[in-house]
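Enquirer: The chain contents come next:
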Amino acid sequence: MSKLQSQAGSAVSQRSTIRESFGDRVFIAIIYLILTVVLIAVLYPLIYIVSSSLSSPAAVTSGKVWLWPVDMTLDGYKSVLRNDQVIMGYANSLFYTTIGTIISVALTIMIAYPLSKKTFVGRSPLMMFITFTMLFSGGLIPTYLVVKSMGLIDTRWALLIPNAIWVWQVIIARTFFQNSIPEELSEAADIDGCSDIRFIFSVILPLAKPIVAVLSLMYAVGQWNAYFDALIYLKTQSLYPLQLILRSILILSNSTGNMDVGEMVKQQQMAELMKFSLIVMASLPVLVIYPFVQRYFVQGMLIGSVKG
Amino acid sequence: MIPPVAYFIIFKYVPMVNAVLAFKDYNVIKGIWGSPWVGTKYFELLFQNPAFATLIKNTLYISFYSLVVGFPVPILLALALNEVKNAKFKKTVQMVTYAPYFISTVVMVSIIMLFLSPRLGIVNTIAGTLGFEAVNFLGEPGLFRSIYVFSDVWQSMGYSAVIYLAALAGIDPSLYEAAKVDGANRFQKMVNIDLPGLLPAAVIILILSVGNIMAVGFEKIYLLQNPLNLSASEIISTYVYKMGLLNANYSFATAVGLFNSLINLVLLLTVNAAAKRLSNTSLW
Numbered sequence: 000m001s002k003l004q005s006q007a008g009s010a011v012s013q014r015s016t017i018r019e020s021f022g023d024r025v026f027i028a029i030i031y032l033i034l035t036v037v038l039i040a041v042l043y044p045l046i047y048i049v050s051s052s053l054s055s056p057a058a059v060t061s062g063k064v065w066l067w068p069v070d071m072t073l074d075g076y077k078s079v080l081r082n083d084q085v086i087m088g089y090a091n092s093l094f095y096t097t098i099g100t101i102i103s104v105a106l107t108i109m110i111a112y113p114l115s116k117k118t119f120v121g122r123s124p125l126m127m128f129i130t131f132t133m134l135f136s137g138g139l140i141p142t143y144l145v146v147k148s149m150g151l152i153d154t155r156w157a158l159l160i161p162n163a164i165w166v167w168q169v170i171i172a173r174t175f176f177q178n179s180i181p182e183e184l185s186e187a188a189d190i191d192g193c194s195d196i197r198f199i200f201s202v203i204l205p206l207a208k209p210i211v212a213v214l215s216l217m218y219a220v221g222q223w224n225a226y227f228d229a230l231i232y233l234k235t236q237s238l239y240p241l242q243l244i245l246r247s248i249l250i251l252s253n254s255t256g257n258m259d260v261g262e263m264v265k266q267q268q269m270a271e272l273m274k275f276s277l278i279v280m281a282s283l284p285v286l287v288i289y290p291f292v293q294r295y296f297v298q299g300m301l302i303g304s305v306k307g
Numbered sequence: 000m001i002p003p004v005a006y007f008i009i010f011k012y013v014p015m016v017n018a019v020l021a022f023k024d025y026n027v028i029k030g031i032w033g034s035p036w037v038g039t040k041y042f043e044l045l046f047q048n049p050a051f052a053t054l055i056k057n058t059l060y061i062s063f064y065s066l067v068v069g070f071p072v073p074i075l076l077a078l079a080l081n082e083v084k085n086a087k088f089k090k091t092v093q094m095v096t097y098a099p100y101f102i103s104t105v106v107m108v109s110i111i112m113l114f115l116s117p118r119l120g121i122v123n124t125i126a127g128t129l130g131f132e133a134v135n136f137l138g139e140p141g142l143f144r145s146i147y148v149f150s151d152v153w154q155s156m157g158y159s160a161v162i163y164l165a166a167l168a169g170i171d172p173s174l175y176e177a178a179k180v181d182g183a184n185r186f187q188k189m190v191n192i193d194l195p196g197l198l199p200a201a202v203i204i205l206i207l208s209v210g211n212i213m214a215v216g217f218e219k220i221y222l223l224q225n226p227l228n229l230s231a232s233e234i235i236s237t238y239v240y241k242m243g244l245l246n247a248n249y250s251f252a253t254a255v256g257l258f259n260s261l262i263n264l265v266l267l268l269t270v271n272a273a274a275k276r277l278s279n280t281s282l283w
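Read top to bottom, the protein sequences are chains A and B. All residue numbers for the first sequence refer to numbering that gives the first Met the number 0, where the first residue is 0 and numbers rise by one. All residue numbers for the second sequence refer to numbering that gives the first Met the number 0, where the first residue is 0 and numbers rise by one.
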């Protein structure tokens, strides 16, 4: 991959030694213009949200904020942090993300590794068995009934198990194992009398660190952002992940009423401000690790797109 | 090996078998297998339902709209980024366009709502200063699809462009040199070298997205729905959820869901076969 990039890079520098024609320069200018517009279009809403979350409630609701924060204050964040529901949701989401990721990654590797071995009998039927689930599914209700019959409804397990394996991740992991762990390694281990279990723990896993990182990040982001399973499987509020709590505050706007008018206006402004602060807070864990995450995400997508 | 296989059997294949529920009258006490057979009663009920035509229309409309807009945009973005020589600018654009992908659906929908709110939203505030009347965007059925599709483009173009950028980086540099010798300009190079180079990746992604057509963004659409835009936003999957889980009409909802999955499968197989014929690229 990096070799290809550097080749492409040298081609670029060679190209630029020949003077660009007028038409080419116009073309390039248009491209820069378009990309700048795209950049602003994507960036602006993000800046606006962060700025609003740092502005005073009155400034937000009167539309004074348009780029930078107005009357900087942390009130929004303070009231978010005072909200017990939000804190509980945060804690639950951390739990689901950590445990769910561990379960998912373990299961994915358990199936992807055998699938990557050419010596494994039944490899292609098993692969078909798995990919078929991408093409056809029983649907929402039949799946719900299975989860119900297993007694998982309204337990934490409902968010950890029924969606634990993503086929796409299995394909990515399998491709990685196929391309980066030579078959000879396991032959050598066999000759040395190494057991399969020991082989996996002392040879495969250390070599598989990059893929474990990729899988963990993808599952973790997925788990952190998921809400639908919680919506259908959970009834007890104290089990709700953050996203479900966000939904009730941000989208259904369940705020408490019955106050006098002046107080209500204030409350309403505060509620608006809280929404912006909540959006930032909810996205924070992912955004903080974003630069690191992005690299691995790209890597994961690239590994997955190499045909195996 | 065994736990993941068990997982697939229990959570993927048992539900497929459970889908026979569509041909039975579900009875909670008797369970799926004890409930009496009713043949195609629920399918007939569905086809006779006046809401059915709207459901199909909305589902297909939204999915094709998002395919038509959402499919080419990442390709164009990748092509444009590929022409940029300034590494810093290129990286900035990539980082920024990639970031919204990490925003959760719930947060994304609430951002859309905050921006488009008729009273306080920034879009209406700006429109107001320019002298336009405030619009209740999410209350207009006619605008629903565009809001859905373009917010999706905003969120995912950077992410989707990555595959294409990789494909572009893999193009043999000697092709560019040959083109230079032949006197091709940049635009001609883009059309004659870059675009064909992207084709295999594009075909695979097209097939996969067609396979997803009937499963189109349920979560986001469900969250964006309100009584005012329902005429344009009710799709098969949201209907299944409401009928099945909220109204406990299990058999009927299963029939609708099964119908949905079948259309999906047929579409996928068709496009895959067509792609195989036309460009020799296919999923299998």
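Hints listed in this document are in silico derivations from the structure and should not be mistaken for laboratory results. Be a bit skeptical, because a hint or two may be false.
[To be verified] In silico lysine to aspartate or glutamate, EDC-like type, Cα no more than 16 Å apart, as pairs:
hint, chain 1, residue 1, chain 2, residue 2
1, B, Lys219, A, Glu271
2, B, Lys84, A, Asp23
3, B, Lys40, B, Asp24
4, B, Lys179, A, Asp228
5, A, Lys116, A, Asp23
6, A, Lys117, A, Asp228
7, B, Lys219, B, Glu132
8, B, Lys241, A, Asp228
9, B, Lys188, A, Asp23
10, A, Lys117, A, Glu183
11, A, Lys77, A, Asp228
Enquirer: Determine for every hint whether it applies to the structure shown.
Expert: Okay, the hints, checked on the actual structure:
Of the supplied pair hints, the one linking B/Lys219 and A/Glu271 is violated, its CA atoms being roughly 21 Å apart against a limit of 16 Å. For a cut-off of 16 Å, the pair hint linking B/Lys84 to A/Asp23 stands: about 13 Å separates their Cα positions. Only pairs whose Cα atoms come within 16 Å are accepted, and B/Lys40 paired with B/Asp24 is accepted, the gap being roughly 9 Å. Only pairs whose Cα atoms come within 16 Å are accepted, and B/Lys179 paired with A/Asp228 is rejected, the gap being roughly 55 Å.
This hinted pair does not check out: A/Lys116 and A/Asp23 have alpha carbons roughly 50 Å apart, beyond 16 Å. In summary, the hint linking A/Lys117 to A/Asp228 is not supported, as the alpha carbons are separated by about 36 Å, beyond the 16 Å threshold. For the given pair, B/Lys219 sits about 27 Å from B/Glu132 by alpha-carbon distance, which is inconsistent with the 16 Å threshold. Using a Cα cut-off of 16 Å, the hinted pair B/Lys241 and A/Asp228 holds, with the two alpha carbons roughly 15 Å apart.
Simply put, B/Lys188 and A/Asp23 have alpha-carbon atoms about 11 Å apart, close enough for the 16 Å limit, and the pair holds. A hinted pair counts as satisfied when its Cα atoms are at most 16 Å apart, and A/Lys117 with A/Glu183 qualifies at roughly 11 Å. About 30 Å separates the Cα atoms of A/Lys77 and A/Asp228, which puts this hinted pair outside 16 Å; it is violated.
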